[in-house]
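Undergrad: Given the sequences, and given the hints that come with them, work out the whole structure.
Under my numbering, the sequence shown is numbered contiguously, ending at residue 193.
Hints are computed from structural coordinates only; laboratory data are not their basis.
It cannot be assumed that every hint is accurate.
Below are the EDC-like pairs computed for lysine to aspartate or glutamate, each with C-alpha atoms no more than 16 Å apart in a straight line [what the hints assert, rightly or not]:
| id | residue 1 | residue 2 |
| --- | --- | --- |
| 1 | K99 | E184 |
| 2 | K121 | E140 |
| 3 | K165 | E98 |
| 4 | K165 | E184 |
| 5 | K126 | E140 |
| 6 | K123 | E112 |
| 7 | K126 | E112 |
| 8 | K165 | E95 |
| 9 | K123 | E140 |
| 10 | K94 | E112 |
| 11 | K165 | E112 |
| 12 | K126 | D110 |
| 13 | K165 | E124 |
| 14 | K165 | D110 |
| 15 | K99 | E173 |
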Amino acid sequence: AVSSSRRKARKAHFSAPSSVRRNIMSAPLSKELREKYNVRSIPIRKDDEVTIVRGSNKDKEGKVTSVYRLKYVIHVERVTRDKATGASVPVGIHPSNVVITKLKLDKDREAILERIKRGRELAKPTKVSA
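TA: Structure, rendered in structure tokens:
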């Protein structure tokens, strides 16, 4: 059973293993990709191309340079800020605040999309002819 306790939910979230964090760090697909694959969101990965849709970096686009599971953030190319020392550091962005515009596809990723799609088709209520 899943607990509805805030305390337990937070503990589960912040002490989740990397394999679970991958799923938590899912990002929605753009409208075009959603139409194409019939999938709403997918765990984000390095080399996906994204558009930021929330926050002070809104409307910036770029490739995901790293998925930092420990901190629940992703780094996007050209989304940086300068430190007092003059060094530039990537700004962490939560995956829920971006939209994936281009997927980095390989065999495994295509299999995942196919699996989700098949599940969707099976779940569709079929019309019963009288």
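Undergrad: Next pair to validate is K165 with E95; report whether the Cα-Cα distance is within 16 Å.
TA: 10 Å, holds
Undergrad: Sort out whether E140 lies within 16 Å of K121, counting only the CA atoms.
TA: 14 Å, holds
Undergrad: Going straight from one Cα to the other, do K94 and E112 come out at no more than 16 Å?
TA: Given pair K94, E112 holds - Cα atoms ~14 Å apart, limit 16 Å.
Undergrad: Can you confirm whether the C-alpha distance between K99 and E184 stays at or below 16 Å?
TA: With Cα atoms ~14 Å apart, K99 and E184 stay inside 16 Å; holds.
Undergrad: Does K123 pair with E140 here, judged by a C-alpha cut-off of 16 Å?
TA: It holds: about 10 Å lies between the C-alpha atoms, which stays within 16 Å.
Undergrad: Does the structure keep K126 and E112 at a Cα separation of 16 Å or less?
TA: Given pair K126, E112 holds - Cα atoms ~4 Å apart, limit 16 Å.
Undergrad: Hey, K165 versus E112, does the alpha-carbon distance stay inside 16 Å?
TA: 5 Å, holds
Undergrad: Would you check the hint for K165 and E124, treating anything up to 16 Å between C-alpha atoms as holding?
TA: 11 Å, holds
Undergrad: Is K165 within 16 Å of D110, Cα to Cα?
TA: Cα-Cα ~9 Å, so holds.
Undergrad: What's the verdict on K126 and D110, does the C-alpha distance respect the 16 Å limit or exceed it?
TA: 5 Å, holds
Undergrad: Given the hinted pair K165 and E184, is their Cα-Cα distance within 16 Å?
TA: 24 Å, violated
Undergrad: Under the criterion that the straight-line Cα-Cα distance not exceed 16 Å, is the pair K165, E98 satisfied?
TA: This hinted pair holds, its Cα atoms lying about 13 Å apart.
Of the numbered hints given earlier, the model fails hint 4 alone.
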